[in-house]
Amino acid sequence: MVPGFVRRTAPTGNEADVRQAAPSFREVFDKHARYVWRSLLGLGVHERDVADASQHVFLVVHDRLASDQVSAGALRTFVYGVCLRVASDFRRRAHRRHERLFADPPEPTQPPEQEQAAWHRQALAQLDAVLAGLPVPQREAFVLYEIEELTMTEVARALGCPLQTAYSRLHAARRAVTSALGEPTDAGEPGHHGGGQK
Amino acid sequence: MNGPPDLPRLRSSSASGSALAAGLTAARMREPSEAQLRALDAALADSLGAASATGHAGVPRPEAPALASAGMLKVTLVLVALAGATGGVVALRHRRHVSAVTPPAPMVAVGPPRPADPPAPSPALVAPAGPGEAAVAPRLGRPDRVTTVPHPRHDGDELALIARAQRALDRQPAAALGLIENNQRLLARSAFAQEAEVIAVAALARLGRTDEARQRASRFLATFPNSVHASRMHRLVRGEAAAPQ
Chain A
1 MVPGFVRRTA
11 PTGNEADVRQ
21 AAPSFREVFD
31 KHARYVWRSL
41 LGLGVHERDV
51 ADASQHVFLV
61 VHDRLASDQV
71 SAGALRTFVY
81 GVCLRVASDF
91 RRRAHRRHER
101 LFADPPEPTQ
111 PPEQEQAAWH
121 RQALAQLDAV
131 LAGLPVPQRE
141 AFVLYEIEEL
151 TMTEVARALG
161 CPLQTAYSRL
171 HAARRAVTSA
181 LGEPTDAGEP
191 GHHGGGQK
Chain B
1 MNGPPDLPRL
11 RSSSASGSAL
21 AAGLTAARMR
31 EPSEAQLRAL
41 DAALADSLGA
51 ASATGHAGVP
61 RPEAPALASA
71 GMLKVTLVLV
81 ALAGATGGVV
91 ALRHRRHVSA
101 VTPPAPMVAV
111 GPPRPADPPA
121 PSPALVAPAG
131 PGEAAVAPRL
141 GRPDRVTTVP
151 HPRHDGDELA
161 LIARAQRALD
171 RQPAAALGLI
181 ENNQRLLARS
191 AFAQEAEVIA
201 VAALARLGRT
211 DEARQRASRF
221 LATFPNSVHA
231 SRMHRLVRGE
241 AAAPQ
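If you read the sequences in order, they're chains A and B. The opening position of the first sequence corresponds to residue 1 in the numbering used here, with each subsequent residue numbered one higher. The opening position of the second sequence corresponds to residue 1 in the numbering used here, with each subsequent residue numbered one higher.
Do not rely on the hints blindly, as some may be mistaken.
Claimed, not checked - Pairs of lysine to any residue, SDA-like flavour, derived with a Cα cap of 25 Å: (1) K31(A) with R11(B); (2) K31(A) with E31(B); (3) K31(A) with E47(A); (4) K31(A) with T223(B); (5) K31(A) with R48(A); (6) K31(A) with D63(A); (7) K31(A) with Q116(A); (8) K31(A) with R9(B).
Just so you know, the hints here were simulated from the structure itself, not pulled from any lab data.
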């Protein structure tokens with residue numbers, strides 16, 4: 001056993017405390033399944049495929065945990081890294097099948113009390129469509145930072161690129177997304193009053 | 001860990017009520033339902049099979065419907081045979097469609113079975129029929145040759161190939177290396193090129209081909225210096241690959 005690497009059976013759910021007690025696969029699944037699912041959708045896996053893609057992710061994670069190949073402190077970014085590759089694989093498969101890569105449009109009718117939800121679905125469909133048009137590295141950086149809310153250090157680690165490269169990808173993606181969705185292009189950019197409020 | 005301060009996130013910095021803010025909020029909330037999680041959990045438990053000793057016991061299964069097909073039954077029998085022959089350590093896993101485990105949750109529009117799935121177990125893993133035979137390819141007396149392992153008959157499931165090689169690595173490193181080498185072109189173009197290289201280097205090290213392992217690991221580190229596998233490759237370069245895990 002290499003100190004600091006995830007062991008299979010020690011029980012804990014606290015990633016920060018993995019040196020003392022690493023999580024079991026069950027605990028890893030419980031802790032990570034929701035965001036794995038969510039990030040795969042953000043990365044362009046079709047809703048029809050997201051369950052299978054999630055299963056792929058956890059099979060890879062299981063293999064790595066079983067052979068102590070994951071640095072415990074980097075488990076979350078490792079899982080995201082697996083998500084990126086599995087999403088890439090599923091996007092390619094979908095492309096081979098000539099399928100659409102983004103979500104279906106929102107349902108046409110909604111009760112008045114669900115107008116907010118309908119608005120969110122519509123906005124989500126727009127966002128998905130914009131993300132689908134981005135170069136993959138930009139999309140990955142955007143999803144990990146803006147949706148998954150990783151730190152930029154974690155984003156760079158998950159992407160396997162230098163920090164400045166991750167920033168460059170994120171900035172490019174933000175420009176494209178904000179432009180497409182009618183936001184000021186300086187929204188949230190540094191040096192632009194830090195807020196970009198309309 | 002200290003880089004420039006992170007940017008304000010667009011979800012909070014964009015105008016309230018804007019399409020961008022709403023889309024990002026909705027994307028953030030796009031998590032699986034409890035039913036979808038249960039289905040995923042059950043499918044994983046089935047896929048992991050004998051490997052569930054890792055603690056993934058799965059959830060109580062509503063029924064055992066998906067094993068009813070002849071194909072799945074055959075896979076299950078092979079699983080049982082392999083588990084018996086190998087002490088349950090090397091488990092052949094067969095990825096199941098999550099949608100086959102429980103009815104789909106309302107959010108998911110489940111389509112017809114995809115033609116690409118599920119891949120049948122490779123002859124390399126299934127072929128040994130005798131109870132005492134090795135689960136993977138036969139051991140080689142000449143470690144400088146890779147095992148002849150059939151190419152995957154499936155055209156797209158590189159991940160299944162990687163998973164097979166990974167499972168073979170501990171006990172049959174020559175077979176693991178053969179899988180990677182025989183499918184190098186396919187894997188090099190796949191999303192799992194890094195994983196393939198990690199397995200190949202580990203297999204070389206376990207076969208005693210340490211010089212080749214170190215050269216290949218060095219090439220990997222030069223190509224992917226920021227890989228999530230970099231630390232492991234550094235360990236492999238240092239000669240820790242063959243250490244028991």
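Given the hint that K31(A) pairs with E31(B), does the C-alpha gap stay at or below 25 Å?
13 Å, holds
For the pair supplied as a hint, K31(A) and R11(B), confirm whether the alpha-carbon distance does not exceed 25 Å.
OK: K31(A) and R11(B) at ~24 Å, within 25 Å.
Below or equal to 25 Å on CA atoms is what counts here, so check K31(A) against E47(A).
The given pair, whose Cα atoms are some 21 Å apart, holds under the 25 Å limit.
For the pair supplied as a hint, K31(A) and R48(A), is the alpha-carbon distance within the 25 Å limit?
Distance of about 23 Å is within 25 Å: holds.
Has the given pair, K31(A) with Q116(A), been kept, meaning a C-alpha gap of at most 25 Å?
Distance of about 29 Å is beyond 25 Å: violated.
With a cut-off of 25 Å on the C-alpha distance, tell me whether K31(A) and T223(B) pass.
32 Å, violated
Pair hint K31(A) and D63(A), alpha-carbon separation not exceeding 25 Å:
17 Å, holds
Taking 25 Å as the top limit, are the C-alpha atoms of K31(A) and R9(B) close enough?
23 Å, holds
Against the hints set out earlier in the document, violations occur for numbers 4 and 7.
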